[in-house]
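Asker: The chain contents come next:
Number of protein chains: 2
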Amino acid sequence: MDNTPLPLASTFVSVLQQVLGAPEKGFSLHEPEFAGNEWKYVKECIDTGWVSSIGKYVDEFERCLATYTEAKHAVAVVNGTAAQHIALLLMGIGPGDEVIIPSLSFVATANAVAHCGAIPHFVDSTERTLGLDPEALEKHLKQTTERAAGGLRNTLTGRRIAGIVPMHTFGHPVEITELLEVAGRFGLPVIEDAAESLGSYYQGRHTGTFGHLGILSFNGNKVITTGGGGAILTNDSELARKAKYLTTTAKRPHRWEFFHDEIAYNYRLPNLNAALGCAQLERLEDTLARKRQLTERYREVFQSAHGLHFVEEPKDCHSNYWLNAVRLIDPSMSARDILLSTANDAGFQCRPAWTLLHKLPMYASCPRAELPTAEKLEASLINIPSSAYLAELSR
Amino acid sequence: MDNTPLPLASTFVSVLQQVLGAPEKGFSLHEPEFAGNEWKYVKECIDTGWVSSIGKYVDEFERCLATYTEAKHAVAVVNGTAAQHIALLLMGIGPGDEVIIPSLSFVATANAVAHCGAIPHFVDSTERTLGLDPEALEKHLKQTTERAAGGLRNTLTGRRIAGIVPMHTFGHPVEITELLEVAGRFGLPVIEDAAESLGSYYQGRHTGTFGHLGILSFNGNKVITTGGGGAILTNDSELARKAKYLTTTAKRPHRWEFFHDEIAYNYRLPNLNAALGCAQLERLEDTLARKRQLTERYREVFQSAHGLHFVEEPKDCHSNYWLNAVRLIDPSMSARDILLSTANDAGFQCRPAWTLLHKLPMYASCPRAELPTAEKLEASLINIPSSAYLAELSR
Ligand SMILES: Cc1ncc(COP(=O)(O)O)c(C=O)c1O
Ligand SMILES: Cc1ncc(COP(=O)(O)O)c(C=O)c1O
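Line order of the protein sequences matches chains A and B. Oh and the first sequence: position 155 is 155 in our numbering, straight run, nothing missing. In our numbering, each number is its position in the second sequence, counted from 1, plus 395.
Think of the hints as simulated: they come from the structure by calculation, not from any bench. Since this is a predicted model, take the numbers as computed values, not measurements. Treat the hints loosely; a few may be bogus.
As the list claims (entries may be wrong) - Footprint (simulated), chain A over chain B, 3 or more residues, beta carbon under 8 Å:
(1) 425-436
(2) 473-482
(3) 639-651
(4) 659-669
Backbone N, C-alpha and C fix where the C-beta goes; we use that ideal spot for every residue, glycine too.
Please build the complete structure, drawing on both the sequences and the hints.
Answerer: Here's what the structure looks like:
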């Protein structure tokens with residue numbers, strides 16, 4: 001890596017400083033905030049002894065999530081990866097199937113596919129949303145698949161293509177309507193990876209509620225946290241029932257008998273963690289409003305930063321701006337890395353997008369389309385400090 | 396089910412009443428207790444914002460678990476099932492392998508095998524410990540296996556037998572030395588399912604530290620709880636390192652880069668849950684001492700209960716008596732069920748052992764040895780209320 005400090009790096013750091021001020025103890029990328037009923041609810045769990053699989057908060061959290069997202073059902077689970085694993089299983093994805101995912105995503109999107117014994121199949125992203133590109137998807141499917149007895153067949157590998165998992169990158173909604181249209185034409189189910197997009201809307205409807213199933217994550221770095229946690233969203237009551245059953249060891253209800261009738265999982269969210277989630281959800285709107293103030297300020301100040309482009313919410317979308325991001329107008333891994341090291345050295349925690357999934361050794365030989373936009377985005381995206389409390393500093 | 400109240404059922408309930416008194420609000424099977432630093436540590440997590448993957452309690456919990464069990468390493472994970480899944484993967488168990496487990500166990504023991512794509516292979520238990528019978532195991536392996544190029548081959552199925560998972564039932568240690576000898580003669584690794592046996596010792600050494608790997612569970616019904624949680628125990632530093640890596644997405648350490656080099660899992664225990672665990676561990680000795688007082692009292696009073704036999708810790712063992720149990724001297728499913736309904740109706744939460752795993756539909760066609768003792772135990776075991784606080788009532 002060439003370590004010459006670029007003029008661009010100074011510009012970058014000076015904009016961060018202009019918005020956030022001097023980093024005395026450093027600004028991290030995204031910090032959770034516990035300013036509401038967190039302690040009250042968690043204390044209640046401890047005082048009553050209901051910290052584990054019994055207790056009211058899991059039900060309550062599921063109800064509040066469903067209300068907030070306007071999904072018919074939300075099933076709370078132990079984390080986003082587990083949610084994705086179960087969602088894929090519920091769509092009938094199994095060993096030897098291929099599942100279309102973006103190469104520009106967190107590794108969990110691919111891992112959950114692998115946990116089903118299935119194989120990720122990478123398709124390109126678009127600069128418009130940072131997510132799966134409907135046109136690239138359609139073109140790729142047209143060129144490389146055929147209808148066969150068992151479903152859609154990849155003519156190159158001979159395997160079944162069994163589903164599509166679009167991901168709402170950094171909270172920005174993908175073109176989900178267009179993706180659903182393409183998926184429909186090829187007979188594929190869609191599972192939305194909305195791990196990052198709680199509070200994000202596409203044409204007024206909450207992300208994660210368009211596909212057959214959607215998933216959320218409440219990891220410590222997300223807009224709300226349960227310590228670790230996730231949820232499955234669906235409008236299909238039967239899928240919701242199955243999701244609950246499969247994530248709680250498939251035990252038939254009985255007063256004392258232990259009778260289970262499927263290979264299933266312990267993917268339960270403990271009541272203790274759900275209690276935290278309930279309190280966090282109560283303040284979500286306030287959190288998102290303050291995050292948006294911060295975003296506004298970034299947007300304004302980055303306008304005068306030549307060579308850098310502030311990433312804004314896509315057309316017809318309302319984004320939670322989970323992680324604010326800038327793009328280098330001239331993509332370059334080495335320039336990107338100089339900006340990253342300069343900013344991190346100066347106390348502003350910044351990070352690149354993920355290493356593209358098809359470059360990771362365990363997924364390097366998976367099938368893929370051409371990925372020019374993903375490559376370009378990888379060499380240009382930088383996430384910047386995005387905690388809600390930073391809004392107060394940026395006034 | 397014949398519902399005639401047996402004289403045995405009256406005896407059973409009257410003994411429970413004699414020990415515990417009248418169940419005003421009912422006595423549940425096993426309740427957690429939060430009488431130490433739970434509040435303090437959990438509140439600290441919330442106050443500092445460290446509830447998720449960063450924070451000191453996970454390290455601290457692992458250190459305390461290792462100290463307590465005298466295992467060289469403990470790796471905290473999201474629950475016991477996840478611990479078992481990873482332990483099996485670390486022993487090289489994969490699709491198409493068979494793994495020896497007792498049919499008398501909780502479904503998670505079999506599920507974790509299935510999660511590796513492997514097949515449970517059931518062997519009988521012994522009345523001496525309620526766990527795997529070393530003699531039955533040896534006889535079965537002699538009769539049905541042969542040495543082959545890839546390892547031990549099941550001559551009936553043609554598949555590789557790749558490991559043995561003994562389980563310490565209700566906290567009572569199995570004959571682990573003998574099992575390790577048999578395993579050694581057949582070249583099989585041993586993974587101890589010590590989910591129920593934190594605080595149980597075989598010849599002075601903690602359960603879960605004899606095999607290549609051992610696992611613990613901190614589910615809400617166990618002797619200590621983290622809400623949901625588990626741990627992997629091992630004396631092998633390389634296995635411990637790999638366990639940590641595989642349970643935390645196999646991310647290579649880097650200041651900002653996301654580079655992962657194996658298909659891995661999000662099986663992290665959140666810091667919030669680890670904080671609870673640290674406080675629970677501090678009081679474990681006290682909890683176990685009170686549980687033992689309760690056990691003493693049960694033992695004494697059940698002596699005069701004809702037809703019932705109180706289950707005591709095996710020879711050379713110190714048991715945590717996680718769940719106290721009685722056995723019907725004449726095994727009978729219908730008699731057992733009458734005792735269960737009578738006691739539960741009277742407010743004493745009691746339960747049978749698990750439905751034998753080879754009787755569950757998804758495992759019904761798995762390979763198995765003859766299981767006469769497991770069948771007998773299934774028709775005779777009943778767990779009775781075992782929370783530590785009951786010791787105070789039973790004085
Ligand atoms: C895009 C994406 N998918 C899946 C996940 C997995 O969620 P979790 O970390 O809760 O398992 C995450 C978050 O970490 C994510 O960002
Ligand atoms: C014998 C046995 N194995 C495995 C487990 C799985 O542990 P967990 O419930 O924490 O996933 C349990 C406890 O529930 C158990 O009793």
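Asker: Under a C-beta cut-off of less than 8 Å, do 3 or more residues of the stretch 473-482 of chain B approach chain A closely enough to confirm the stated coverage?
Answerer: Three-residue rule met by the stretch 473-482 of chain B, so holds; n is 5.
Asker: With a C-beta cutoff of 8 Å, work out whether three or more residues of the stretch 639-651 of chain B approach chain A closely enough for the coverage to hold.
Answerer: holds (count 4)
Asker: Examine the stretch 425-436 of chain B for residues whose CB is less than 8 Å from any CB of chain A, and state whether their number is three or more.
Answerer: Coverage by chain A holds here, the residue count being 6 at a Cβ distance below 8 Å.
Asker: Go check the stretch 659-669 of chain B versus chain A for me, would you? Three or more residues, Cβ under 8 Å, otherwise it fails.
Answerer: As far as the stretch 659-669 of chain B goes, the hint holds, because 9 residues have Cβ atoms under 8 Å from chain A.
Of the numbered hints listed earlier, not one is contradicted by the structure.
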